[in-house]
Structures are given as C-alpha cells and as structure tokens.
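Since each chain comes alone in its own frame, lean on the hints to assemble the complex.
Chains as they are written, first to last, in our numbering: chain A, 1 to 251; chain B, 1 to 204.
Please note that the accuracy of each hint is not assured.
Only part of the chain A face toward chain B is listed, based on derived beta-carbon distances under 10 Å [to be verified]: (1) 75; (2) 76; (3) 121.
Below are the DMTMM-like pairs computed for lysine to aspartate or glutamate, each with C-alpha atoms no more than 25 Å apart in a straight line [to be verified]: (4) A/119 with B/54; (5) A/119 with B/94; (6) A/234 with A/34; (7) A/119 with B/51; (8) A/132 with A/185; (9) A/94 with B/27.
Simulated from the structure, these hints should not be mistaken for lab results.
Built from N, CA and C at the ideal position, the CB exists for glycine as well.
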Amino acid sequence: MITKRIIPCLDIRDGRVVKGTNFQGIQDIADPVEMAKYYNESGADELVFYDITASVEQRKLFTDILRDVASQIFIPLTVGGGIHTVDDFDRVLKCGADKVSVNSGAIKNPDLIYEAAKKYGNQCVVLSMDVKRVDGQFIVFAKGGRENTGLDAIQWAKQGVQNGAGEIVLNSIDTDGVRNGFDLEMLDAIADVADVPIIASGGAGTMEHFAELFRHPAMDAGLAAGIFHSGEVKIWDLKQYLRSQGIEMRI
Amino acid sequence: MIAIIDYGVGNLFSLCSSLKMLGLEAEVTADPKKIKGADRIILPGVGAFGDAIEKLRATGLVEPLTEEVKKGKPLLGICLGMQLLFEKSFEYGEHDGLGYLKGKICNLADDIQTGLKVPEMGWNSLHFIKKEHPLLRYIQEGDYVYYVHSYYAKNCAESLVAVSDYEVEVPGIVGYKNVMGTQFHPEKSGAVGLSILKAFSEIQ
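Okay, chain B solo, but in the shape it has when bound (with noise of 0.2 Å):
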C-alpha cells in the first residue's frame, strides 16, 4: 500500500485516480501506524512552504516519517512536497525543510535574466543526468513532464537525477537513495508521469 499524507494541502483528486488507474492501492491519510504499515510513502504538496512545513508538522506525522525514511522504505515527494524534501527555503523568509535531501528551495525570478515568465507553468523536457535511477526506467530522455512552479532547488548535485532548461537548469527529478521527488506534477505530465509513479511502485 502506498501511503499518501495528509496534512491539509492541494488537491489529491488527480494523484490518487492515478494510481488507481495504475492498479495500486493507495490510501490517504495522516495516521502514523498507517504511515508505518505502507510499503512507500508520497509526500504531496502545493502552496507556500513555509505554510507547508508549518501544517505538517502539527500533523505530528515528521517523526513517523523520518523513522520511515531512516528506514529505507521509498519517499516520494511532488512539487512542493519535492521542495521540503530539503533542507531549506527563502519562500517569503526562511524555513527549515524536512532535510532529507541537500539543497536549498530558491525563487526562480531572481535567476532568470531574459523575459521567461514566473511561475514557469506548462510542459518541459527532461534531461537524464543519473541515467541508471529505477525512476526513469520507463520513460525517454526529452520526454515532457508538466510544471507549475515559481521556486526551484540549488545546490542539489548529489540528488540531481533529471532537468529540464528554463534558462537556468530546473531539477525536475531527485534522489538519493530511498528518498525522491519530482518538481513537476506526475498526475497530470500525461503517460509520461504515469510511467514515473509505475517506476516509483516498484522500487524495492
């Protein structure tokens, strides 16, 4: 069973027909036996961060979560539960991510010099770096994933897995060893997002 946290933000309607279409049982919730019990773990997330991280940890569930982690068992988080996957964020302040990961969450506009537009929100390609990561294992180098987002990860050279160019490189998929996280939105990139959820059902 896949684990899907609840704490209150973003819309899950699309993530779990998702993976019901992909024939995985999955479960939403914030109980920390069930977090415990599941097999794999997706963090969601879309808002602020700083509003983000706050919620989830007055769900209690970061300890549970970091046991689980600690553990072994696969994390996958998406947009911005990718974001808290780090150690922190300058999203309006500073905030403390779960750090998991090492990286830094920055504001996109900040980097980006021609007249691109933030948030960058549509469809962009992907450029493997970790070739070998069991999340690319179904899709193609260039395939095109759907992003809606207005900060990005930096200095995240260990877990950088693929990119997709928006002026400045975007990580669009990290890992680093049980612990992921796509930038863009898997539940709605089409067959190719699909692909990466089926990849992230079967990681051992």
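Okay, chain A solo, but in the shape it has when bound (with noise of 0.2 Å):
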C-alpha cells in the first residue's frame, strides 16, 4: 500500500540552511547540499525547499543550490517562496524541482494556480497555506503568516483544488512552534473538501504526534523543519516507530 510520508524544510536564506542545528555526522550542518544529502540518507521521503531570500542575487544563488541539489539527490522535491508567476514555476521546474508551492502569490493572483497546472499538470502545483483561528473562523494568512487576508481557509482550499492545485500543504499558525501536536480539528476540517493529498505542517514535537496524525485517515504526509534539524527526532528512528505502530512507511 501507499505509504504516509515523512518531509522535512528546509529554509533557504543566503544560500544557506536557517535553523540548522545540533547535527551530527555532517560537517557543514548550513549547506544545503550536505543536508539535502544527510537528510536522503536518513529516509526522508521527500524534501521541501523554501527560498526566503528576497534579493535577484540570492535568487540565483537559490536556483544554483537547487540544481545542485537535484543533480545528486534523487527524491522528490518541492519549492516554494517567491513563486508569484508562472515564469517562477518555470525557473525553479528548470533547476530539477518537481513541485513548486505557491501561498501569497496566489492570493494576489487567485489565476496563477489554473495557470500553472495547465501549463505543467496539477501534479506539479501545491497550495500552501498558513492558517489561524479568527473569531472561531480559520482564515488564511499571506505573508509569511504576518498578514490577515480574510479569506475563509475551506472556501480557498477547495477554490484550490478546483483550479488545478493536487495537493497541499496546510500550516496552522496557532499550533506553530508549540511543538504539542498538529492541529488535526483545523486538517480535518480542510481535508473534508479538498480531495487532494494534504502534507500536515505546524506543531509537531515527538514521534507521538506523527502516529496521532496518521491516524486521521484523510492525512498523506507529515512535514517540519526544526525538530528534524536539531536532531530531537531523527526520521530513521521515527519512521521505525510508526511503522512499528501500523502505519505504513517506507524504510
């Protein structure tokens, strides 16, 4: 059977790793080939690139260490930050990524996502989105979760799907960095209407609360950045565990 799946981030800024931490085994825990490489050895089942930068030069430097990247790595990978065109989906496409995710830059250009998938499949476009709690409403927030949009999260997620996005990626603001479990009431509210595979992201902090996640059906993946980089929860050990749960992993 298909098996759930284990991602960590990675965030891109100068050409380097933020966040990387406590590493052991690797000599430059920043770089973000030797991490990429450390992280395909340990089992991760796919990475995510997330390009923070915001200068024309440190974008470049991003899409270099992306070939880089892809040239010796051979997984799935997926990146966002800066995607505002459909120009964008083609640079990175070009460097060797496999899906791009799209968050702001689809709020302000809602045709983007149609855009993107007739040009190069639904598979290839993710939705991200960084949600929060508003008067017991999730609504959507754009730029890096700084920005309230005031778009309903179900309505956006199934308007996603509609115009082409086949899959995911779902962030609670209010759970981030807590690291006391995945907002699985908001998931499984927005997983109800998109029939897409949806990557649960925001909260996590033990092996336990990926076992909890995956015990909502309706969940394909698991994705975080600081636990994996500080090496709390190593993904080898992790995916050992929730095999040895019933859950289905690749080891």
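Next comes the structure, spelled out in structure tokens:
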C-alpha cells in the first residue's frame, strides 16, 4: 500500500539553511546540499526547499543550490517561496524541482494556480496555506503569517483544488512552534473539502504526534523543520516507530 | 548511448542527472539518426495521453522508434511514456497508443471504491510477478518506488513484471521482450529507482 510521507523542510537564506543546528555526522550543517544528502540517507520521503531570500542575486544563488541538490538526490523536491508567476515555476522546474508550492503569490493572483496547472499539470502545483483561527473561523494569512487576508481557509482550499492544485500543505499558525501536536481540528476540517493529498505542518514535537496525525486517514504526509534540524527527532527512528504502530512507511 | 526521446513533454532534468550519476552516456534528442545509433531508448512523459501522443506523432519519430523496437533494441517508457506503449487510452476520450504492448490505459478513479485519493501520489511497494525479469536484477520484493498518476494499465497480463497495491493492482513495471516501462518515476525513487535504470542499461 501507499505509505505516509515524512518531509523535512529546509528554509534557505543567502545560500544557507536557516535553523540548522545540532547535527551529528555532517561537517557543515548549514550547507543545503550536505543537509539534503543527510536527509536523503536518513529516509526522508521528499524534501521541501523554501526560498526566504528577497534579492535577485540571492534568488540566483537559491536556484544554483537547487540544481546542485537535484543533480545528486533522487527523491521528490518541492520548492516554495517567491513564486508569483508562471515564469517563477519555469525557473525552479528547470533547476530540478518536481513540485512548486504557491502561497502569497496565489492570493495576489488567483489565476496563478490555474495557469500553472494547465501548463505543468496538477501534480506539479502545491497550494501552501498558513491558517489561523480568527473568531472561531479558519482564516488564511499571507506574507509568512503576518497578514490577515480575510479569506476563509475552507473556501480557499476548495477553490485551489478546483483551479488545479494537486496537493495542499496546511500550516497551522496556532500550533506552529508550540510542539504540542498537529492542529488536527483544522487539518480535518480542510481535508474534508479537498480531495487531494494533504501535507500537515506546524506543531510536531514528538514521534507520537506523527502517529496521532496518521491515525486520521485523510492525512498523507507530515512536514517539520526544527525538530528534524535539531536532531531531537531522527527521521529513521521516527519511521521505525510509526511502522511499529501499524502505519505504512518506506524504510 | 541512451537516446531520451525529446518530444516537448516533461521535465528531463532528474532523468538526465540520474543517468549521469550512474555514469551512463545519454542524450535528449529528436534526431532519428541518433535514435537509430543509440544502443537503447527511453521514452519519458508527463501530462495527458492525447496531447502527448499527438506531440510524439508530430515529431515524426514514431516510425524510426517502431523500426528500432522491431529490431529488438531495448526501450523503456517512464510514467506517461510507459502508458504510450499500450494499445489505447481512455484519458479524456479515446486515443490510440503505440501498440507495442497489449493492454489499455484506464482511469484509476473509476475503479477505486474506498476513499483512496486520485492521483495516487507517493511511495508504494512493488510485488514481483515475473521474478526473473532483468529490470528486477538489483531490487528486492517490497522495495518502494514513487508514483504520480491518475490512469493505469489494464488487461496487460502478458507484460506484467511487478505491481503495487492501490486497492486495485497497479502495474508498476511492465515488460514484454525488448519493450519495457515503469508507471512510477525511477529517477525520483531514490536508490531503488537508480538500480532499475542501471539494470535497464545492462539489458542486451
């Protein structure tokens, strides 16, 4: 059967991984290529590269790194950050990305998902959403969670799938960084209206949190950064543990 | 040299990188002479069947490809490239394929009764049907490979090499004589995928 997926996310700034701490066995923990290799060897099912740079020069550095990683590591790579146009899709796909995730870019230009899906196929377009509760309603936030867009998250997810998003990353601002478990209430509410794979993000602190997540059948993947980068949770151990809990894992 | 057929569909970055990693010489080409000169051929592809077969026909490469296949040159179709090897597809209408393998390409969603999502996207394990097939040389029963697809091959018992369980039996690897294919992406399936490409490169 198809497995659940474990996905580390690498935030890249100035050609370096942000938050890369406490690694054993790699010399340069902030080198994205070294880190990607480490994750590949430790059983990551996919990698997400998030470009948090702003300038044009840094963006070029990012695509150089992407090309370097993609020519050495043969698992699916998703790229996000700074994707505003179909040309941005083209730029990262040419450097070896398999999927491209859009967030603020799709909020500014709602046709972006449709246009990109038409050109590259739905499987290539990932809708990434930062979601926060406002007066009991799930609301989409933009600009790294700083700006309330007023968009209803459930409607936005529905619309995204209709326009051709082939996968959704749901990041809960309410649970992000708290390490007290994924936001299962929000995740289930959105998965209920979106018939595409759901990648859950925000709140993982322990291996048990992933087991809890995958007991919800609509959840396909768990994404995290800090707990993997810090070495608190090792992907290899996590996958062994999840398999012992009866959850299908690629080992 | 491995000729990777260029007909304007799909992203070939990873496929080229993975062959390079294996130390294999490969060239993305739409030149019939190079296809004739190659010792094996890969037919890649992503997207919709109708559009892809139309583009492939428009390049005029179907004839030289068929000629090489008849001569016994090893051919590997990947993902949509594998689907094109069959007789027919029912993706948005009805389209004739290359017809090198017996079988038809059908919508996964029509045959799935439980809540499994379509497209099938992710890692699934392989169950071997033809254990002696040369593509399986370096991999093990139960190894995982990466799938992204909404359609799958049916009525293809003659060419079944390995399958994956997605409520229905999804043909993961097919092969009949010198014509082979993988529904999953070997170039995205880690070490297992590289092993399959290596095995293909050694088939005589």
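How the hints compare with the structure:
Satisfaction of the interface hint for residue 75 of chain A is found here, the shortest Cβ-Cβ separation to chain B being roughly 5 Å, below the 10 Å cut-off. Checking residue 76 of chain A against chain B: minimum C-beta separation of about 5 Å stays under 10 Å; hint holds. Annotation: interface hint on residue 121 of chain A holds; nearest CB of chain B at approximately 6 Å, less than 10 Å. Distance hint between residue 119 of chain A and residue 54 of chain B is fulfilled; the C-alpha atoms sit about 16 Å from each other, no more than 25 Å.
In summary, the hint linking residue 119 of chain A to residue 94 of chain B is supported, as the alpha carbons are separated by about 22 Å, within the 25 Å threshold. Between residue 234 of chain A and residue 34 of chain A the CA atoms are separated by roughly 16 Å; this keeps the pair inside 25 Å, and the hint holds. For the hint linking residue 119 of chain A to residue 51 of chain B, the alpha-carbon distance of about 12 Å falls within 25 Å, and the restraint holds. Proximity of residue 132 of chain A to residue 185 of chain A is assessed by CA-CA distance (about 12 Å); at most 25 Å being required, the pair is judged to hold.
Our distance criterion of 25 Å between C-alpha atoms is met by residue 94 of chain A and residue 27 of chain B, whose separation comes to about 17 Å.
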